[in-house]
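Engineer: Spelled out, the chains give:
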Amino acid sequence: MARAKTGFPFASIEQINNSQLRANLKSATSAIREKRAKVVGEKQDWEELRRKGERIKNEVLASLDEYLLELEESVTKVGGVVHWAADSSEANRIILSLIQEHGESEVIKVKSLTTDELHLNEYLANHGISAVETDLAELIVQLAHDKPSHILVPAIHKSRSEIKELFENTISKGKVLGDGPAELAEASRLYLREKFLSAKVAVSGVNFAVAETGTVCIVESEGNGRMCLTLPKVLISVMGIEKVLPKLDDLAVFLELLPRSSTGERMNPYTSTWTGVHTGDGPEEFHLVILDNRRSHVLADPVGRQALRCIRCSACLNVCPVYERSGGHAYGSVYPGPIGAILSPQLFATEASLSLPWASTLCGACYEVCPVRIDIPRVLVHLREKVISEGYKSKSEEVSFGVIALILRSGRRFELIQRVATQIRRPLNRVLLTVSLPGALGKWRAARQVPEIPDETFRMWWRANRSDNGS
Amino acid sequence: MTRTVSLFVSCFNDMMFPKTARAAVEVLNKLNVKVEFPDEQTCCGQIHFNTGYASMAVPLVKHFVESFSDSNEVVALSASCTAMIREHYLELASRTHDDELISGTEELVPKVFEFSEYLTEVLGVTDVGASYPHKVSYHPTCHSLRSLHIYHSAIALLGAVKGLELVDLPYAEQCCGFGGTFSVKNSAMSTAMLADKTANILNARVETVVAVDNSCLMHISGALRRNGTGISVMHLAEVLAQGMDGGEG
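Chains as they are written, first to last, in this note's numbering: chain A, 4 to 474; chain B, 27 to 275.
Certain hints may be false.
[Unchecked claim] Only pairs whose alpha carbons sit at most 25 Å apart, straight line, appear in this in silico SDA-like list of lysine to any residue:
| hint | chain 1 | residue 1 | chain 2 | residue 2 |
| --- | --- | --- | --- | --- |
| 1 | A | K396 | B | G206 |
| 2 | B | K45 | A | R469 |
| 3 | A | K161 | A | R381 |
Don't read these hints as lab results, they were simulated from the structure.
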C-alpha cells in the first residue's frame, strides 16, 4: 500500500513554511527547555529518581490487572463509584448519562487530555451539553474552535495579540483589552469565576490514582483544578488504565519528576489529592471512569508498552527539533511530539498516524529528558518495523533495501559494486551533480550539493598500499 | 607496535570518504597501533534497521560478527554505526536463536569502539601531535552525544591540536536533520533543520566544521556547498592527521 498524502510529511509542510509559527515555537520551547535544564541540573539524584519512576511504572504495567482491581476496591470503600470503559464510545456514554442524571446542560472541565482523546466535548455538544474548559490555554483553544498543539501548553502556537483579539470577540465582548499577560488572565478569570460558582458537574482528567488508598491526584498551575474539584456537587474523573500507582508514597517520586520535567519548576503550584467523598466538604458524588481504549493492546507489545509509562510532562516535545518546527497539529492527534509519535500509532492506528514513527531523525533528545526513561527512539524503530510488517509500505523501497542488503551480505559483492561505481564515476557524478532529477532525489539535491564519488575506495587503496601484512 | 586493531571503516566511508579512513590509519600508526582491515567487512546494517527492515539487518549483523571474529579490538569510523552495534546487535543476533552467533556477538560488541573514544578512553591519548591552525566548530552528532556519550573525547582531542581555535557552535546539540531516510521521507522538515544548523555555523564564523560522523557531515556540507559558504567539513580523524610528521605509515 502506498502512503496516502495524509501523513506527517504532508501535514507538517504548512507549519514548516509558517515562519511566525516557527518563531513562536522556537522561543517558547527554548525558554522552557532552559528552565527544565536548570532545575534538573540542580538535582543531584535526578538519574536515580528517573530510574525509580521507571521502576514504579514498570511494576504497575506488569501487574496492571491487580492494581486496577485494588484501586476499584479502595475508591468504592471511600464512597466513590468506579466505571469501566473499554473504549471511547463507552466512556462518552457513561459520562453523558451521569450528567443527564443530574439534568445539567453545562459542565466545567479541568485537565482535559484524556477527554480530548475521547472527543468528549463534541460528543456532549451533540447531546446538548456544553463543556467549558477552565485551563487557560484549553479555554483559548476552545474559544478559537482550534485544536491543542502541545500537551502542557495547548495554545503554544498562539501569540498574545491573537489571544487579546479572541477574548475581545468572545468572553470579553464589548471591552477593549491590552495584550499583557495579567490583563488577559484577568479577563479569563472574570469569565471562569462565574462558571465555577454555577456549575453542578465537573469533568476532570487524572494525573495519578493510588491503588492502596483510592486517592486521586491532579497537578495543575492555575488553581482552576481546585475550583473544579471542590465546588461542583458531582465530580467525574476520567483516567487511562496506566495512570494507577501502587502506593501513596509513590506519588512523592512523581511529584518531583513531573514539575521539573514539564514546567521547569521545583514544585508544582497546585497539587490536589482527594480520597472519596466527605459530607459537607467537596463533591457529594465522585465517579471514576477507567478507560482502556486500546491501552491493553499496547500493553501486549513488549517493546511498545513502555509508552504507557508516560506521565504527560511534555519534556520530549520541548526538546524535539522536529516538533519545534512542525508544531503539534501536524501529528494529527491529541498526543503530539515524540511521545505522540509512539502513542498515536499504537492507540489509534489511523492511516495518518502510521507515518508518525518516521517523523523523527532518531536524534535521541527525547529519551535523554524523559523522566520515566521511555526509550522513544527504540520504540520508533520498533514501530517502523511493525508498521512495515503489517503491510503499510512502499514496494519499491522494500525491493531496493532488499537488493542493498543482498549486496552487503558479502565483502566480494560489495567490492564488485564499488568497482563498477568507481569505474563509471565520471558520468555518474555528472548525473548526480548536474542533470535534473525527478522526485525525492531532486528535492533533496535542491538544498544540498551531493558529494562526488572519489576515484578510489578505501578498500582499493588498502589493497594497493597496505594489504601485505597490515599497517 | 604494541596493539593491533581492526578498522571498521563503514560502507559509506569506504565508498565516499576513503580519506577519512586513510587519515585514521595514519593517526593510529603514529600512536604505535597496528591497523588491520578485515576485507570481508561491509555494513553494520543500521540503514536497514532504522528504516524498519530489521529482518534484513539480521544477516548483516551476522556478516559483521563473522568478519571481525578474529579481532582483538575494533575501531569504527562512525559514531552512529558504533551505536548501532552497541545498542542493537545483541537483540538482533538473538532473533536468530543461533547460539554461536549470539555468543560471538556478546564477545565482540564490548570490543568495538568509536575512533575518538578509542583514542581517549582506551589509549588514554589526547595530544596526537597534530597541528591545524584554523577556526573550527565541533558538531556533536546525535549518536556520539546521546548514545555513546563521547562529546568529551572529541573536545579533548581537538583541544590538543596545535593552533586550532575551537569556537562554540550555537544550538550545537540539535540534530542536523539528516536521519538517513528521514531526509528523503520528511524532506521539508529535514531541510528546515539543516537550514538552522547552517545558519548557526555561519554565525560561529569558522572555517571548518568537524564531527565524528561523515553522514551528518555530508548532509551539512551539502548545504554549506550549495550556498557557496566556503566553509569546509572534516572528520575528526582528518583533523588529527593534519601536520603530523612521518606521513602515512
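Engineer: Return the numbers of the hints above that this structure violates; sort them in rising order.
Structural biologist: The structure breaks only hint 3.
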